[in-house]
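Take the sequences, apply the hints, and build the full model.
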Amino acid sequence: MGFLGKGLFQGMAVTARNFVGTYFDRGTREKLVTYQYPEEKPPLPENSRSFPFLVYDGTPDAMRCVACKICETECPPQCIYIVMDRDEKGKPQQRPKVFDIDISVCMQCQICVEVCPFEAIKMDNDYEKSQYGRFDDLIEHLPDLLKSNEYYNEIKPTEAKAVDAKLKAEAEKKAKKGTSKPAAAAPAKPAAPAPAPKPATAPAGKITIPEDAPFTAEQRAWLAGFLSAGGVATSGTGVSPVAVAETTGETPVPLPEATPAAEAPAGGWPWHDPGLGMSQRMDLVKAAPLADKLMAAMAQTDCHACGYDCRGYADAIAAGSETDLSLCLPGEAETAKKLEELMKEAGKL
Amino acid sequence: METIYQLIAGWFAGKPEWLPLAIAIAVPILFIVGVYPAIFAYTTLVERKALGRVQNRYGPNRVGRWGILQPLADGLKLLTKEDIVPRDADKFTHFLAPVIAVIPSVLLFAIVPIAPGLVPVNLNIGILFAFAISTASVLALFMGGWASRNKFSLLGAMRAVAQVVSYEVPMVLAAVAVVMAAGSLSTLDIVKAQTRGGLEIAGWFVFQPWGFVGFVLFAIGAMAESARTPFDIPEAESEIIAGYHTEYSGFKFALFQLGEYLAAIAMAGITVTMFLGGYLGPGIHIPYIGGFIAAFWFFLKLGCMILLNIWIRGTWPRVRVDQLMGFAWKVLLPMSILNIAVVGLWHFMGNKVLAWGVTAAILGLAFVILAKISAAGNIEKRTYRYAN
Amino acid sequence: MIQQISPIPTGMIETQTIEVSIGPQHPSTHGVFRMDAVLDGETVVGLKPVMGYLHRNHEQLAERMTWLASIPYTDRLDYFNSMTNNWALCLSVEKLAGIKVPERAEYIRVIVSELTRILNHSCVIGFMLQDLGAWGTPLLYAFREREKILDLFESLSGARMMCNYMRFGGVRVDMTDAMVAQAKDIVAKFPRFLDEFEQLLSNNEVLLARCQKVGILPKELAINASISGPMARASGVDYDIRKVDKYGVYGRFDFRVPLGEVGDVYDRYYIRVLEMRESIKILNQALRDLPAGAFVAPEVKLRNFKIPPGDGYGRVEAPKGELGFYLVSDEGGKMPYRYHCRPPSFINLTTLEDMCLGHKVADVVIILGSVDIVLGEVDR
Amino acid sequence: MTIPLGHYLILAGIIFAIGLAGALTRKNAIIVLIAIELMFNAAILNLIAFWHYKQFAALTGQMFAIFAISIAAAESAIGLALVIAIYRHYKSVDVDDIKSLKG
Amino acid sequence: MDYAFWTISGITVLGALLAVTLRNLVHCVLSLILFFLGIAAHYFLLRADFIGAVQILIYIGAVAVLILFAIMLTRNVTGEAGPQEVVGVKWWIGSLCAALTAGLISFAVRADSVAETLSPGPKATVAVADIGKGFVGNWIVPFEAMAVLLTAALIGAVVIALEEVRNRR
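Residue numbers (the numbering used here), protein chains in the order written: chain U, 1 to 349; chain C, 350 to 737; chain Y, 738 to 1117; chain Z, 1118 to 1220; chain W, 1221 to 1389.
Warning: the hint list may mix true and false statements.
[Stated by the list, open to error] If you want the ones that stay clear, here's a sample from chain C, every Cβ over 12 angstroms from chain Y, calculated:
hint: 1; residue: Y354
hint: 2; residue: L379
hint: 3; residue: K430
hint: 4; residue: P435
hint: 5; residue: D437
hint: 6; residue: M507
hint: 7; residue: F580
hint: 8; residue: F602
hint: 9; residue: I686
hint: 10; residue: Y733
[As the list claims (entries may be wrong)] Calculated lysine-lysine pairs in the BS3-like style (CA-CA distance at most 27 angstroms, straight line):
hint: 11; chain 1: Y; residue 1: K837; chain 2: U; residue 2: K337
hint: 12; chain 1: Y; residue 1: K1071; chain 2: Y; residue 2: K1043
hint: 13; chain 1: U; residue 1: K176; chain 2: U; residue 2: K344
hint: 14; chain 1: Y; residue 1: K921; chain 2: U; residue 2: K31
hint: 15; chain 1: Y; residue 1: K1018; chain 2: Y; residue 2: K921
hint: 16; chain 1: U; residue 1: K41; chain 2: Y; residue 2: K921
hint: 17; chain 1: U; residue 1: K41; chain 2: Y; residue 2: K950
hint: 18; chain 1: C; residue 1: K701; chain 2: W; residue 2: K1353
hint: 19; chain 1: C; residue 1: K679; chain 2: U; residue 2: K6
hint: 20; chain 1: Y; residue 1: K1043; chain 2: C; residue 2: K730
hint: 21; chain 1: U; residue 1: K129; chain 2: Y; residue 2: K950
hint: 22; chain 1: U; residue 1: K174; chain 2: U; residue 2: K344
hint: 23; chain 1: Y; residue 1: K1038; chain 2: U; residue 2: K156
hint: 24; chain 1: Y; residue 1: K885; chain 2: C; residue 2: K398
hint: 25; chain 1: Y; residue 1: K950; chain 2: C; residue 2: K721
hint: 26; chain 1: C; residue 1: K730; chain 2: Y; residue 2: K832
hint: 27; chain 1: U; residue 1: K31; chain 2: Y; residue 2: K926
hint: 28; chain 1: Y; residue 1: K1071; chain 2: U; residue 2: K286
hint: 29; chain 1: U; residue 1: K286; chain 2: U; residue 2: K344
hint: 30; chain 1: U; residue 1: K41; chain 2: C; residue 2: K398
hint: 31; chain 1: C; residue 1: K440; chain 2: Z; residue 2: K1144
hint: 32; chain 1: Y; residue 1: K785; chain 2: U; residue 2: K161
hint: 33; chain 1: U; residue 1: K41; chain 2: Y; residue 2: K926
hint: 34; chain 1: C; residue 1: K679; chain 2: Y; residue 2: K950
hint: 35; chain 1: W; residue 1: K1353; chain 2: C; residue 2: K730
hint: 36; chain 1: C; residue 1: K500; chain 2: Y; residue 2: K926
hint: 37; chain 1: U; residue 1: K337; chain 2: Y; residue 2: K1071
hint: 38; chain 1: Y; residue 1: K837; chain 2: U; residue 2: K174
hint: 39; chain 1: U; residue 1: K337; chain 2: Y; residue 2: K950
hint: 40; chain 1: Y; residue 1: K1097; chain 2: C; residue 2: K500
Read the hints as simulated data drawn from the structure, not as lab findings.
Bear in mind that the values here come from a model prediction, so they are computed numbers and not experimental data.
Each residue gets a CB set at the ideal place from its N, CA and C atoms; glycine is no exception.
Spelled out as structure tokens, the structure:
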């Protein structure tokens, strides 16, 4: 074992080697590893992700996002809050009017990017987003989130190139099929016309903020934003979006009275609940007419990806005015297959 | 002090008699109070930079060019920090402890020679005075721990007192060996005894076998005395938060640190004086600038000792309390007693080369035996098998 | 009252025992963890670990979210090894849903997990030395190596520690050739670092004196308390899930499982060093014959991914021990009905008191360091 | 130095008196030990004073002082060991309680 | 140089007084230490450097710490001992006879003319080497006796402690 102190002096030899090594390490970061942060920033690899941002092609209003709320439902910590943009008549536009991401809640997990069917939301790598305020400063609103496609190509070249190629291919396929869409999609938008979801009955009830609660207006605004954004799964009485809009200080958006789709009949549509599985919905409409069966096959998110709402799309197929059965994007293959099955059954296809 | 007095006496012939005496006293005091705290300030900086470099990072470089103003910044910060005294602490002792921590460390410098003849106070009981003073630092530790009335600092105080007292004995005995060889307690005579035949380096005690063993024992004792790694049990963060100075903040904490570091530097100074030939080095006899060269040699050696201390601090883990005690009483004490016997033998053996060989053999043998006895107990080679 | 062994009869001086609580705000408890110790002078006569300060309700949350949404939360379990946590959940879901994982994905999973293992073992030794009082030098050497591995993870999965890299049926991003080269470079340089680490530590007398015969965990107690991972192997229990289950493609690599005999703190330290050397062997073999092909099973859907009703338990040899997930899915299928995670740190911690009784306060701190717990996993 | 020997003797006397007063009046055994230390030191001060004023003729004064100091140290060690032993037996260091001669 | 004597003896007497009269034990020991420092300063004044250093080394270094440890061991470690009454019942008798002895000593000194007139010795301090030679020179017998006594004291202290353990078991 050698004399008593041998191990100790070997240890000192190691520290001496490191001590001397730091002086001869010309930037190889082998022995001297410090980045002097404010002056020299460590280079970020291409895939690195910090917080999401929304991509737009060309001008900011030609954004890819169609407010289909898929990312809002899929986000694990529920930190995204989307409100559909409506024109003066209340007709849903395929654009979000309010798109908030609470970056104090977001855990940068990139699931929203994976589930977005329209490549509208991507991960940024700008990590210097610390603020002084704890409430509103950490909520990024639509204008802060919008960044150009060029910026996206610049920070993530390979990924951006692949996305652009995919979008171009889709656009050509769409143009080749030439199926006109009843909803006049804005010409500038190359992407498939995005569904304009009417915020259906909120999947999860919202907590009401009693009037006499001791909040200042500013805190009340933040709380409302937080509560409606956070899908706290409590059964409580739903705060209708209108009330939420009021408390968030925007101009109150009138409930869409004259929506093209027929109003729900007195009994309501029991199957119109995205939480139910396909098989459960089919059991509910076993004895129902074809239109109801078709509607039950939809993804029930009223996301307007098909240009109508679920009821409208089902009526259009039943009436034969709509032949393309694969427009229900949230439903993906499952809904398309079921629709074909039903149509074959009814002998229409 | 005497040499300065003779120097100055001539100029002040006319003035009242006590003036040159006052100046002769003031100069060394100003020197000690000025130079050594500055060395302390920059030891902390060098320590943090050296530890940084050992761990592949820079160390403070934001305040001033290479972190030069860092000690100033630390001092200012500690000055402005709020000074918290625990509610049921013993106010008087709580206040007194840091003061008593600093006094002995500063007094220790009184007997450290800087250049030929230039020593603040030429006591002919130099080394004995140094040890007498350094025992007083034990009291500061105890009072600090006892007065802050919290369990952890009490544990820290008990450990600190036990450690310092039990490392006092081997250290004093190691110094006794040197005093026997040099024939006098006064530090100036010890340094003179280390110049042999004009050659300033060959005479150092550290090159004798018993001198080297004495040097190692004294260095270990000094490290334990000032609670530096691997013996920094009193303020072992991982076990009992900060030992006896847990409840101190602001400038009192700075005073404790000042006391500790000054004690470490003073002990390093005494080690240099006794074993590495104080200010001896080539070129100290040049008529005019000899004194400055001597001072340079002294501070160079002092720096090396401090760097060695920092190097060890960056490498070795901490020893447990009972192992620390065992090591002191079972290994250091027998070695130091044997060392004294060997110096006696050395003194009476005429032919120095033969004496060198014999003493080296005896001490080497003793070290191997002691290593076997003390370490055999628990350190054994482990073999590991692999699953099938 | 804390169960105490009879205070050691000092006879000479009659001191009364002091009750001290080490933590939760304590520099060496590896996170928010408290130990109520009863001290007789320096020796510990009673010790009760108190946990739960970092409980984040992970299992209840998982029951309210889709399967996919739970994966990022597994990164936060043992925040030191996010890759092996992801793999454990994906393995359990694949076993439950019967998903077949392509070859390339299996190899990438092995590479990434073995990198996490060497990252974890080197840093654990660094933390243990920090408790021993070595002023952070070994810890910063370990962190220097860890940085290289984390850079690879960042270029691969996008984040250094919260990788969220694996999906059911494979991995989220393919490993490009540049990343394979980067991994090969890390693996080539690691043995040199290990030798330097061993030279600094392995026969350092102070370390030997402090770690040998301290915190001994007998083999029977290890088996009865269902201890797993390096802590069990240090006590001589031959149980490594990579060899027992041969999950993924571990069956194809030849590597050995080191075993200790005494089971004290030094054994646990040295077993981790030997395991790092074995992981390097596995990495070399995996990187050498990494096949081309799909990196994720195409048929697995991201959204409304459903699992037929049933339950299943999948487990992985995480660096700290056997990490398992017990999942139950009801007929709804989109969200787990019951989601339970078996963390190795929590179970390894149960024997802390048996190891610490009779030792000094300074030893309790190292024994806790050698058990290697991460509070995220202990409290879930 | 124009301090006559007398001053030192009076100083030693005063210290001796304080020590005696402490030993007699205080109840705590440790304070009694401290008082005894005071008396010892008073005596040693006298020794050194006489040695100094006899023009260093012989070293007897200093020698006896060293012997006296070591005796005092040994005595205080034994005294404290006794006090601790008594404390463990009687659970108090109050001088009045320690009356019974039984072991 | 006279005021040096007066200030130091002032400190010494103050230390002695406080050491005996304070209520808190730890403060008593601290004032005792102040007293020892005063005495050591006196020794330096009287040119007895070696004795001054020995005094500091032995008394402050060892005896004071010993007393502190004794205080620690004879009271519960954490709590402060309750305020028992400090002074014995018949305290005034003790202080009376102390005052008597002080008066007697000062009267005796003043009467003896020799003590008054002895003038202080020369400046030179005695070298430590002579003390060393003295030890092994004509004071060899007391030196050896001292060695025997110290070992006996050491063994005695240990026996007292160990004896307690033997009959305890």
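For each hint, the structure was consulted:
no. : hint              : verdict
1   : Y354              : holds, 46 angstroms
2   : L379              : holds, 35 angstroms
3   : K430              : holds, 20 angstroms
4   : P435              : holds, 17 angstroms
5   : D437              : holds, 17 angstroms
6   : M507              : violated, 9 angstroms
7   : F580              : violated, 10 angstroms
8   : F602              : holds, 17 angstroms
9   : I686              : holds, 23 angstroms
10  : Y733              : violated, 5 angstroms
11  : Y:K837 - U:K337   : holds, 24 angstroms
12  : Y:K1071 - Y:K1043 : holds, 5 angstroms
13  : U:K176 - U:K344   : holds, 26 angstroms
14  : Y:K921 - U:K31    : holds, 20 angstroms
15  : Y:K1018 - Y:K921  : holds, 12 angstroms
16  : U:K41 - Y:K921    : holds, 26 angstroms
17  : U:K41 - Y:K950    : violated, 47 angstroms
18  : C:K701 - W:K1353  : holds, 25 angstroms
19  : C:K679 - U:K6     : holds, 20 angstroms
20  : Y:K1043 - C:K730  : violated, 56 angstroms
21  : U:K129 - Y:K950   : violated, 50 angstroms
22  : U:K174 - U:K344   : holds, 25 angstroms
23  : Y:K1038 - U:K156  : holds, 25 angstroms
24  : Y:K885 - C:K398   : holds, 24 angstroms
25  : Y:K950 - C:K721   : holds, 18 angstroms
26  : C:K730 - Y:K832   : violated, 45 angstroms
27  : U:K31 - Y:K926    : holds, 13 angstroms
28  : Y:K1071 - U:K286  : holds, 23 angstroms
29  : U:K286 - U:K344   : holds, 16 angstroms
30  : U:K41 - C:K398    : holds, 22 angstroms
31  : C:K440 - Z:K1144  : holds, 26 angstroms
32  : Y:K785 - U:K161   : violated, 58 angstroms
33  : U:K41 - Y:K926    : holds, 25 angstroms
34  : C:K679 - Y:K950   : holds, 20 angstroms
35  : W:K1353 - C:K730  : violated, 52 angstroms
36  : C:K500 - Y:K926   : violated, 47 angstroms
37  : U:K337 - Y:K1071  : holds, 20 angstroms
38  : Y:K837 - U:K174   : violated, 34 angstroms
39  : U:K337 - Y:K950   : violated, 68 angstroms
40  : Y:K1097 - C:K500  : holds, 16 angstroms
When each numbered hint is compared with the structure, violations occur for hints 6, 7, 10, 17, 20, 21, 26, 32, 35, 36, 38 and 39.
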